[in-house]
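Residue numbers (this note's numbering), protein chains in the order written: chain L, 1 to 484; chain R, 1 to 95; chain P, 1 to 486.
Any given hint might turn out to be false.
Quick look at which bits of chain P chain L covers, simulated, 3 or more residues with Cβ under 8 Å [unchecked claim]:
id, segment
1, 77–83
2, 276–282
Straight-line Cα separation of at most 20 Å, PhoX-like style, residue types lysine-lysine; simulated pairs [what the hints assert, rightly or not]:
id, chain 1, residue 1, chain 2, residue 2
3, P, 98, P, 131
4, P, 481, P, 449
5, P, 481, P, 393
6, P, 463, P, 481
7, R, 92, P, 449
8, P, 232, P, 259
9, L, 233, P, 131
10, P, 204, P, 232
11, P, 80, R, 10
Looking from chain R toward chain P, a few residues come up when the C-beta cut is under 7 Å (computed) [said to hold, decoys possible]:
id, residue
12, 24
13, 28
14, 30
15, 44
16, 49
17, 53
18, 59
19, 65
20, 67
21, 73
22, 93
Hints are computed from structural coordinates only; laboratory data are not their basis. Glycine included, every Cβ here is placed at the ideal spot set by N, Cα and C.
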Amino acid sequence: MHNLTIAELIRGLQSKEFSSVELTQHFLARIADLDPNYNAVITVTADQALKAAAAADQRLAAGNAPALCGVPILHKDIFCTNGVRTSCGSKMLDNFVPPYNATVVENFEQAGAVVLGKTNMDEFAMGSSNETSFYGPVKNPWATDCVPGGSSGGSAAAVAARLAPGATATDTGGSIRQPAALCGITGLKPTYGRVSRWGMIAFASSLDQGGPMARSAEDCAIMLNCMASFDDKDSTCLERDVPDYSATLGSSIKGLRIGVPGEYFSEGLNPGTEQAVRAALAELEAQGAELVDISLPNTGLSVPAYYVIAPAEASANLSRFDGVKYGYRCADPTDLQDLYTRTRAEGFGEEVQRRILIGTYCLSAGYYDAYYGKAQQVRQLIQQDFANAFEKVDVIMGPTCPSPAFKFGSKGDDPVAMYLEDIYTIATNLAGLPGMSLPCGMVDDKPVGLQIIGNYFDEARMLNVAHQYQQATDWHRAAPEGIA
Amino acid sequence: MIIERQEIEKLATLARIAIDDSTINEVTERLGSVLELVDQLQAADTSGVDPMSHPLQATQRLREDEVSELNQREALQTTAPDTEDGLFLVPKVIE
Amino acid sequence: MSDWDTVIGLEVHVQLATNTKIFSGASTAFGAEPNTQACAIDLAMPGTLPVLNKQAVHYAVMFGLAIDAEIGKESAFERKNYFYPDLPKGYQTTQLEKPIVGRGTVEIELADGSTKTVRIHHAHLEEDAGKSLHEGNFRHGVSGIDLNRAGTPLIEIVSEPDMTNAEEAVAFARKLHSIVTSIGICDGEMSQGSMRFDVNVSVKPRGSDTLGTRTETKNLNSFKFMEEAIAKEVERQIDLIEDGGTVIQETRLYNGDTKVARSMRSKEEANDYRYFPCPDLLPVIVSDETIEELRRNMPELPDARRARFVEQYSLSDYDAGVLSSDAAMAAYFETATGTSGNAKLAANWTMGELSARLNNEDLSIAKSPVSAEQLGGLITRIADNSISGKMAKEVFEGIWAGEGDADHIIEARGLTQVSDSGALEQLVVDVLAANQAMVEDYINTDEAKRKKKLGGFMGQIMKASKGQANPQQVNQILAQKLNELL
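Looking at chain L on its own, in the form it has when it is part of the complex (with noise of 0.2 Å):
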């Protein structure tokens, strides 16, 4: 069961072939089984899960099911989900418990899916590889040696490993994208504003976007057609219809123009990365695309651009932290400052701390202008790179990662190197424009992830083309050894 789609899933539930408690049943064992071994889930919520399997049920009795109906699913655990503890990976939030739902969990509820848990993360989504969270490290089904990247590694490792086939993610810099090439699956970030941030844990406000994943495009468009909605309690969420994601994905590919970024071919990028997705490419040449030679020329400023213009974000979004009306407090406060700097020294992790201070330091008197001014107009440019590119082409392909996998502590002592992991995705989330990736190969033994950029609210297209992929190919079927 744990091999189907979610599409498969679906017709099964509603042919009656099974019934949703016993899927929930054998995830959550799958769970209790095998995620000591990927530490990818913080909570599960059997009871819950049980009690929803059995409504679902008789709603697909009934004949009035709706379209997730019975679908078991993980929430990052930096959706607020009302009732369940929400910890953004963070020992901050080790203790909250939120007494509302995110407007995608609400979705998901009533869409009748049937959520089995919360899965690790990076704290505060601060982080490539899911080192940093407060309860332990993720570990990539694929090699449990390496990192499932970041920062939704849980979600992506989850549905690696089969514990559930869909998990919802967040993407600020690449945090949907990365773990998903990583960890070989396929995950989506929209449009900024194509989904609600309401009770999604901010990071960084004006990149932050929720999306799916889970193991192949057709899934990913089931799952964006429950999550994509207008929202009026989040003013950055547009009023703009949902189209059927899944309408379109058949649709031939013959004449699409795929601009290739000659930045995302250079040094740093893995020879056999590089070989996977030319690999890829040449497979959609041959079903009728045009490749087109472009050029990203502001590529080389974004991850410096996105260092300055999240954190200072960030740096904002997490002063709430304080200990005054929720979360963790520090023990004995002696008075209010040291209330404020013990409570914040204890509860946030050091890559938090990092960007807090660095973000800090890009907003303080004398620093903005050189700093948060001149990222906002590099923003700019890198914004006028991709509206120039898509005058040429209609949807933009290359790596997702520089390189597979890497190992636990391998990033070392350097934060930047660390940082340096996001060179191909940064821009997208800075231009606000939708990715995705999803699986084209391996690399010593390790999936390779193919991104696709789209222009302004055409997920539909972007869908389409990786379906049309993966009709022609099985790397998103591979699972890790034992999985399956």
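Please arrange chains R and P on chain L, whose structure you already have, making use of the hints.
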């Protein structure tokens, strides 16, 4: 980029994060490395370029002035660190 | 002191009278139990986001229109970052670069009748913080935080440093109060913190072009305290400089109860607020149509109302000025006039007896135990001679004490003036008969000095009638009767 320890201490105060004497040198060094990364921005030619705060060309929606949230004090204070009589308690605030 | 010029600028925080917070749908009603009007957004819970209150935007625009200001048709919000327990997000959402209201002007009138224009630099929207309670029903050594007020919409009105003394500053503050209450964007309840003033004060040698260092005294919530605080600060600065010292830029507090001013305790130097555009909010656009509609529906402004009072009620310019300056008082006066039909008496009583009593007990007119209708009822009875002026005061007291309306009290206490001429004539005759010596004395007094003696007879007559005789009529009858005896 060399960043002075004094500067780090100032930032730590602004951000209300206590930094241990034993780790401050490491913090200073790593922060310096990140700042070296972001200093690459200075090479960019941004003359005449507008800053971009939002990727969207959208404008702010306005909400009707009707009460939609009623008293939820109990639910919202369930995980509060220290409350009494409905108030959040903190060490005495001196102005 | 005359060697010095004073330069004063004001920053005024006005709470907008919306039903809900600026960024959430929680109520802004005053006086609720702690944290019962603080929803997840107001508590800055993780994942919550702001959505802007339309009415707050409209009220801000209305203020701009009322002071002939430029309206910021595209404005934006910034985050002002600092840590304080009453600031749940650790930043305040405010406006810096592009405020919703630009340059405007406010006319003020001074005691000597002269007028002055005070320039407004701008007014911007922002959210209010919560409250810190240092004593309460909780253990010793802690402060209690109530976030009900957090998120209440404010406009911060920033003046140019155009004022040169406390009188001008107070006149300006009162005019602002009058404007915002008249157009209905603020309830003006100073005791509830609906309007708070920060005063920037500096001194310089008379005629000098160089401004001195200014200090800021924050959070004054009464005109009286503001006046006192300014006077004290000016004196302090002058004394300091004359003694060879220098004024340092600092934030100060003034305690109106203890009359003590002091520097605010702060550990570090000027706070670095690290303003940056708020990424959770998009640019705010106000259309020309909206502006025109708000302009069309603007309630009466204080200056227009003053002119109307002179014309409509034949009031003196002075009286019209006093009654129109406070929106609540103006409404009270008009209702009392409407009920009684007598504007002159309504004006006198509103400005006189009522105001004195309210001031004495530190009540705003909104909390007056005597309603405008009740005052109108009392005035009706004065005007139709049912009771004398002296009796009216007694009835007023009765209404104030909650005994009921004028008619009820007049009847209950039997205060109806006796105006029956037959009864009064008999009364006068009786009193004259009982006071032969007085009458003799009157007859024997020089004509020029007789008038003074009338008071004595009046006293006896009023006593005999238990104060209920109509004095004007008695006067007439007495004069007539005495004449007959001469």
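Going down the list of hints, with the structure as the test:
1. 77–83: holds (count 3)
2. 276–282: Three-residue rule met by the segment 276–282 of chain P, so holds; n is 5.
3. 98/P to 131/P: Judged against 20 Å, a Cα distance of about 28 Å means the pair is violated.
4. 481/P to 449/P: 18 Å, holds
5. 481/P to 393/P: Between residue 481/P and residue 393/P the Cα gap is close to 30 Å, so the pair fails against 20 Å, i.e. violated.
6. 463/P to 481/P: The given pair, whose Cα atoms are some 19 Å apart, holds under the 20 Å limit.
7. 92/R to 449/P: 76 Å, violated
8. 232/P to 259/P: 9 Å, holds
9. 233/L to 131/P: 26 Å, violated
10. 204/P to 232/P: 16 Å, holds
11. 80/P to 10/R: Status holds; Cα separation ~18 Å.
12. 24: 18 Å, violated
13. 28: 19 Å, violated
14. 30: Constraint on residue 30/R not satisfied, violated at 21 Å.
15. 44: Where the cut-off is 7 Å and the nearest Cβ of chain P is about 19 Å from residue 44/R, the hint is violated.
16. 49: 16 Å, violated
17. 53: 4 Å, holds
18. 59: Residue 59/R check passes; min Cβ-Cβ to chain P is 5 Å, inside 7 Å.
19. 65: 4 Å, holds
20. 67: At 5 Å from the nearest chain P Cβ, residue 67/R passes the 7 Å test, so the hint holds.
21. 73: At about 5 Å, which falls below the 7 Å cut-off, the nearest Cβ of chain P leaves the hint on residue 73/R intact, so it holds.
22. 93: Given a least distance of 4 Å, the restraint on residue 93/R holds.
Comparing the model with each earlier hint shows violations of hints 3, 5, 7, 9, 12, 13, 14, 15 and 16; every other hint is respected.
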